[in-house]
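6 protein chains.
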Amino acid sequence: MPSAKIEGPKIADVEIKRVLVREITDALEKAYKLPRKVYVVLIKENPPENVGAGGELIIDKRKS
Amino acid sequence: MPSAKIEGPKIADVEIKRVLVREITDALEKAYKLPRKVYVVLIKENPPENVGAGGELIIDKRKS
Amino acid sequence: MPSAKIEGPKIADVEIKRVLVREITDALEKAYKLPRKVYVVLIKENPPENVGAGGELIIDKRKS
Amino acid sequence: MPSAKIEGPKIADVEIKRVLVREITDALEKAYKLPRKVYVVLIKENPPENVGAGGELIIDKRKS
Amino acid sequence: MPSAKIEGPKIADVEIKRVLVREITDALEKAYKLPRKVYVVLIKENPPENVGAGGELIIDKRKS
Amino acid sequence: MPSAKIEGPKIADVEIKRVLVREITDALEKAYKLPRKVYVVLIKENPPENVGAGGELIIDKRKS
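Residue numbers (our numbering), protein chains in the order written: chain A, 9 to 72; chain B, 9 to 72; chain C, 9 to 72; chain D, 9 to 72; chain E, 9 to 72; chain F, 9 to 72.
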């Protein structure tokens with residue numbers, strides 16, 4: 009605590025996750041001014057058939 | 009935003025997800041009166057060994 | 009279980025919450041085909057200074 | 009409702025999940041004093057490349 | 009990490025929260041076998057007009 | 009979508025929220041490479057009597 013939970017699509021490259029976690033933690037550290045070790049970041053990856061935007065599945069948007 | 013996150017068991021048929029996202033979005037649109045494109049719906053599927061109800065795993069309820 | 013968590017702005021009128029919960033539950037019931045009593049819906053209300061969209065607080069968007 | 013969502017690393021042994029759900033439910037039951045059947049517990053398992061602590065992915069901590 | 013998020017109704021007495029956090033942490037510690045200091049528990053309190061069960065707001069169930 | 013939900017203590021100064029949302033969005037944009045307007049950030053503020061760390065409420069840690 010504090011923590012951040014990210015919900016997004018699949019991230020293929022672990023280096024992108026590495027940078028994302030570092031930068032989110034930088035932002036949290038600046039806001040809450042607690043020791044860096046306390047911040048937790050969770051990246052949640054969602055398949056496109058499980059996400060709807062504007063009432064449509066992402067998997068259907070890509071088709072159309 | 010606004011968004012809805014659904015937690016439930018696995019859904020085998022993508023058509024059920026399609027209808028679920030559409031109907032959840034209909035309900036959100038009616039409540040919040042924002043442009044349809046802003047609503048996000050996430051469907052989270054949980055394996056039965058990771059869900060407890062009444063203190064028991066679903067996987068054990070099915071056995072008993 | 010299954011459940012839905014809604015994240016959105018403040019809803020002033022309890023009748024809107026009543027309809028929202030009923031319609032979200034209708035959609036869940038149709039998708040998961042479980043007894044109606046098992047579905048839980050949580051409505052989370054967020055103040056506009058705690059929500060960012062496109063990198064800006066909602067409170068600032070309204071001003072600009 | 010009430011419910012608990014657990015976020016943690018992968019749990020290899022289903023017996024550990026079984027005990028975790030039972031004990032979390034015991035704690036909820038004692039706090040909220042509702043019939044045991046209403047409590048839901050979700051266990052979320054996260055791969056180490058999707059969790060950051062102190063600004064670093066768990067997968068990198070294990071290497072160093 | 010690991011962490012637990014509890015969603016429930018309002019808890020009037022802080023001693024109940026104190027015991028709930030201690031017992032949830034006991035259960036997490038037994039399951040994950042990590043140092044006790046790493047576990048975080050969040051208690052979320054929901055007003056009865058923001059929770060639906062079986063398609064009805066809690067606030068309406070209490071009336072009927 | 010993608011979105012980030014931040015869980016932390018109360019933030020007294022709205023300027024800190026403003027910067028936090030901007031920087032979290034910067035990090036998301038760099039990772040997911042989608043148009044900036046799609047990212048949503050929610051800041052959740054928790055009272056110290058509702059957060060446990062290491063099995064103790066924050067409110068008790070401050071006393072000891």
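Hints in this document: simulated from the structure, not taken from any laboratory.
Take these hints with a grain of salt, some might be off.
Just so you know, same-sequence chains aren't split out, so a pair can sit in one copy or run between any two.
Subject to a maximum C-alpha distance of 27 Å in a straight line, what follows is the list of computed DSS-like cross-link-like pairs (lysine-lysine) [stated by the list, open to error]:
| # | residue 1 | residue 2 |
| --- | --- | --- |
| 1 | Lys-69 | Lys-41 |
| 2 | Lys-18 | Lys-69 |
| 3 | Lys-52 | Lys-38 |
How the hints compare with the structure:
1. Taking CA atoms no more than 27 Å apart as the test, Lys-69 paired with Lys-41 passes between copies only; the shortest distance there is 18 Å, against 41 Å inside one copy.
2. Taking the closest pair of Cα atoms, Lys-18 and Lys-69 come within 27 Å of each other both inside a single copy (16 Å) and across two copies (22 Å).
3. Taking the shortest alpha-carbon separations for Lys-52 and Lys-38, both the intra-copy value of 23 Å and the inter-copy value of 17 Å come in at or below 27 Å.
The structure meets every hint from the earlier list without exception.
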